[in-house]
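Read top to bottom, the protein sequences are chains X and U. The opening position of the first sequence corresponds to residue 1 in the working numbering, with each subsequent residue numbered one higher. The opening position of the second sequence corresponds to residue 441 in the working numbering, with each subsequent residue numbered one higher.
Source of the hints: derived by calculation from the structure; they are not laboratory data. We treat Cβ as the ideally placed atom computed from N, Cα and C, and that holds for glycine. Some clues are possibly wrong.
Pair ranges (Cβ atoms, derived) [as the list claims (entries may be wrong)]:
(1) 10(X) - 498(U): 32 to 40 Å
(2) 399(X) - 856(U): 54 to 62 Å
(3) 370(X) - 901(U): 45 to 53 Å
(4) 16(X) - 670(U): 46 to 54 Å
(5) 415(X) - 523(U): 45 to 53 Å
(6) 457(U) - 153(X): 45 to 53 Å
Not close to chain X: a few residues of chain U, all C-beta gaps over 10 Å, as computed [unchecked claim]:
(7) 520
(8) 541
(9) 594
(10) 635
(11) 671
(12) 676
(13) 733
(14) 761
(15) 790
(16) 809
(17) 878
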Amino acid sequence: MARSPYIPHTDADISAMLEKIGVKDLDALYSDVPQEFLRKEPCDLPDALSEQEIREYFACLAAQNANLKVFVGQGAYDHYTPSVIPYLTSRSEFITAYTPYQCEISQGTLRYIFEYQSMICRLTGLDISNASLYDGATAAAEAMMMLIACTRKKTTVLLSEALLPQVREVVKTYAKFHGVKIGFIPADGGETSLDALKEALHSGEVAGAIVPSVNRFGIVENHEGFAQALHDAGALLVEYCDPSALAVVKSPAEWDADIAVGDGQPLGLPLSYGGPYVGFMAVKKDHMRKMPGRIVGQTTDKEGRRVFVLTLQAREQHIRREKATSNICSNESLMALWATIYLSLMGPEGLVKLNEICSDGAHYLKEELLKTGLFEDLFPAKPFLKEFVLKTSVEGLQAKLEKAGFFAALPTEEGYVSFCVTEKRSKEETDLLVKAVKEA
Amino acid sequence: MKYYDKLVFELSQPGRTAFSLPENRFPSAGKLPSALCRGEAPSLPQVSEPDVVRHYTNLSQMNFGVDSGFYPLGSCTMKYNPKINEEVASLPGFAGLHPLMGEKSATGAVKVYEELEKELAEITGMDRFTFAPCAGAHGELTGLMIMRQYHLSRGDSGRTKVIVPDSAHGTNPASAAVCGLEVVQVKSLENGRIDVEALKPLLDSSVAGIMMTNPNTLGLFETQIKTIAELVHGVGGLLYYDGANMNPLMGVVRPGDMGFDIMHLNLHKTFSTPHGGGGPGSGPVGVKAYLAPCLKEIKVSGFQGNFAVMLRALAYLLSLGKQHIREVGQYSTLNANYIKECLKDVYLLPIEGVCKHEFVFDGLINDGAKEGVPGASTLDVAKRLLDYGFHAPTIYFPLLFHQALMIEPTETESKETMDAFISVMRKIAAEAAEDPALLHDAPHNTPITRPDETTAARNPVLIHPQ
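When you get a sec, could you build the whole thing from the sequences and use the hints?
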């Protein structure tokens with residue numbers, strides 16, 4: 001039988017190689033493995049498929065997923081991906097490279113990471129960015145561990161209850177095993193409460209607080225006084241942000257935050273059922289040496305040319321080993337490239353305009369939904385952009401809308417229903433959703 | 441490869457744009473209150489679409505990938521990345537799927553997870569998998585959390601130590617530290633295997649478990665694994681398998697049969713998904729059935745993990761099927777042994793015998809050192825390889841040898857490619873013996889020469905100034 005198409009060996013190659021090695025057959029290469037551990041039977045896997053069959057298999061599975069119009073965000077946003085991005089990111093020199101250990105033949109990767117770091121700093125207003133983390137939730141978890149490392153002898157990190165549930169859950173999981181206490185700041189009237197934060201700081205045990213810039217109710221939070229209160233207590237402020245919204249909302253630096261984290265998915269990354277996305281982190285200069293993950297820096301080569309290298313590696317897991325405060329190694333490099341190209345294409349003007357379209361669409365949908373009389377606006381005075389929540393009297397609204405072809409009205413943990421409008425949703429689709437709600 | 445000096449910011453011209461947005465047909469909602477508004481828009485590049493395409497194409501041309509040439513980077517399993525997998529991962533029916541959609545709306549995606557779990561379980565001898573971890577180190581951390589959760593769930597809170605061999609990947613001790621475990625190192629014997637006698641006194645009721653790679657980072661099979669498993673289980677500890685080195689065992693040996701309780705796999709190594717210049721990866725964690733309840737208690741990423749990477753891995757597995765899976769293990773092992781045998785007269789092989797998918801040389805046998813002229817180091821050999829169009833092996837790891845040169849060819853390389861590599865490695869050895877200075881200055885034929893890393897770390901320039 002022919003070998004796998006990915007294996008180049010001919011029978012003659014195999015004989016010649018075995019002869020050079022000085023063994024009689026392939027099995028002899030496993031002579032060091034105790035007999036009892038060698039598989040006697042072939043693997044119980046399906047028969048090998050041809051490429052044509054693989055294509056058909058996945059086309060068939062993809063068709064089994066419902067093709068719904070997405071009107072939900074909650075941490076994953078259906079923004080449009082310009083065709084330039086998959087075209088460029090699938091260049092094999094980018095996608096089939098490893099981590100840029102050999103900088104002389106990895107300047108492509110190193111340069112785009114440097115650009116990515118620069119763009120994340122420009123969006124957040126902070127000084128230093130790393131080369132990326134896994135996703136928003138793990139970026140928040142890394143920030144939690146960093147808070148403890150930056151503020152010696154503090155034991156507790158505060159999380160806003162207005163953070164996305166998946167972010168809170170991941171931070172809680174990491175904290176449990178890392179030996180960090182988690183406290184929660186309640187959300188009063190849809191926003192992280194400054195009074196509750198101040199109250200929690202009295203313990204003197206707090207290393208910092210993680211609060212959302214735009215929260216899970218879609219509300220743009222006002223963080224006036226947050227940094228002051230935390231800094232007075234010797235603690236740090238972490239802003240959890242939607243990088244797309246940072247084009248218009250106050251930046252972490254403008255709130256005097258020490259660290260910014262979030263998920264880069266809204267920067268044109270496909271929803272892809274949850275990943276790959278890209279976590280980002282930016283910090284003030286003072287915290288540079290405590291920041292997890294890889295960092296690319298600029299230097300010169302022997303000829304004096306500007307070149308880029310992985311730098312400040314003394315912070316990293318492979319050097320620190322059991323003294324490490326983060327274990328991240330592989331990150332989401334290609335998705336960082338994705339976000340970098342997206343931001344290059346959108347530019348400042350495009351990103352501001354995008355926010356306007358989404359915000360106008362969301363405000364329109366909210367008004368139209370309220371007009372049906374089936375909803376109650378819980379936070380009427382609160383500013384929002386593309387996402388909002390309402391209270392509804394309709395039972396099982398999400399399931400009913402799904403039947404009509406929409407993914408919308410996702411219940412929150414309180415039982416509110418959440419909606420989101422991106423630039424991919426036309427006015428016609430939005431009107432159809434409202435019509436479906438009326439018929440639900 | 442040619443040197444190209446621009447950064448995208450340097451192409452920027454005020455008023456130039458590349459975005460294409462639909463016309464806004466909604467009524468205006470007005471602006472945010474000014475107290476919440478950003479002072480000025482972020483200073484992102486202002487470029488055209490052709491600018492962007494040409495710029496990133498130019499950047500890509502300073503990069504070397506598996507598709508460019510041989511990439512024998514030890515421990516990283518740089519095998520060929522099949523192209524049908526990319527097509528599958530970008531199907532709109534998957535790419536457009538929101539992660540919070542219920543299982544009924546995502547039937548196809550759920551089936552992908554089910555099929556992948558079934559096949560990985562068969563290959564590894566584990567029973568259940570979580571796909572949430574996004575990389576190998578993330579999988580290690582998740583696996584250790586499961587280990588601790590298991591002990592805690594039985595009221596056994598005194599297990600605070602984890603044993604890690606001195607040959608382990610750097611992420612092993614780091615993952616243990618992040619997980620709140622104390623790392624106890626166990627040393628290796630001269631034959632590169634764990635010293636079982638040194639292990640024995642470390643074992644007591646404070647041990648949560650041991651983290652092992654088998655074959656280990658020297659590419660050597662831990663022949664005493666059965667004894668080690670009995671000893672560790674004997675004191676109530678668990679065995680963690682670091683799947684970074686799973687490739688030579690594909691279809692031949694199952695970690696689950698060797699006594700391992702928990703393991704991770706690197707889908708971006710063993711299962712052919714591209715490394716993307718450092719991610720996205722995927723590090724699913726498999727456990728024995730008795731540990732399955734612990735999986736639910738641990739949430740380590742926002743949604744279901746890197747789903748598009750799973751799609752690629754499943755496509756790969758379907759192409760292998762029962763007919764070809766064993767070829768992966770066997771030919772990766774064959775290739776590594778072939779290169780080792782062809783070079784061991786010029787590079788120092790510290791430990792004789794068959795290796796698995798990779799092996800480690802301890803530098804050149806004759807490094808050319810003469811009075812006043814230092815010899816050629818492993819770094820020099822690595823840099824000289826770049827001149828001849830090959831990626832370098834992993835260098836200075838594992839830490840057991842001073843001049844470690846770790847070579848992993850993978851099964852997708854032909855004899856011709858390896859013969860070309862062997863002949864260049866021999867040529868470099870000859871160059872070193874004659875004129876080590878030539879190697880100190882290498883590489884000569886790459887877009888840039890050696891960088892000043894000291895200045896990079898001392899005076900860090902980490903962003904482009906606005």
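We went through each hint and held it up to the structure:
1. 10(X) - 498(U): 32 to 40 Å: Given a distance of about 39 Å, which is inside 32 to 40 Å, the answer is holds.
2. 399(X) - 856(U): 54 to 62 Å: Given about 59 Å between the Cβ atoms, the range holds.
3. 370(X) - 901(U): 45 to 53 Å: With a Cβ separation near 52 Å, residue 370(X) and residue 901(U) satisfy 45 to 53 Å, so the hint holds.
4. 16(X) - 670(U): 46 to 54 Å: violated (41 Å)
5. 415(X) - 523(U): 45 to 53 Å: holds (47 Å)
6. 457(U) - 153(X): 45 to 53 Å: holds (51 Å)
7. 520: violated (5 Å)
8. 541: Given a closest Cβ separation of 6 Å, the condition is violated.
9. 594: holds (16 Å)
10. 635: The claim stands: residue 635(U) keeps its Cβ more than 10 Å from every Cβ of chain X (closest is about 17 Å).
11. 671: holds (16 Å)
12. 676: Non-interface label on residue 676(U) holds, nearest chain X Cβ at 19 Å vs cutoff 10 Å.
13. 733: holds (15 Å)
14. 761: violated (3 Å)
15. 790: At about 16 Å from chain X, residue 790(U) clears the 10 Å cut-off, so the statement holds.
16. 809: holds (22 Å)
17. 878: At roughly 14 Å from the nearest Cβ of chain X, residue 878(U) sits farther out than 10 Å, so the non-interface label holds.
The structure is inconsistent with the numbered hints 4, 7, 8, 14, although it conforms to all the rest.
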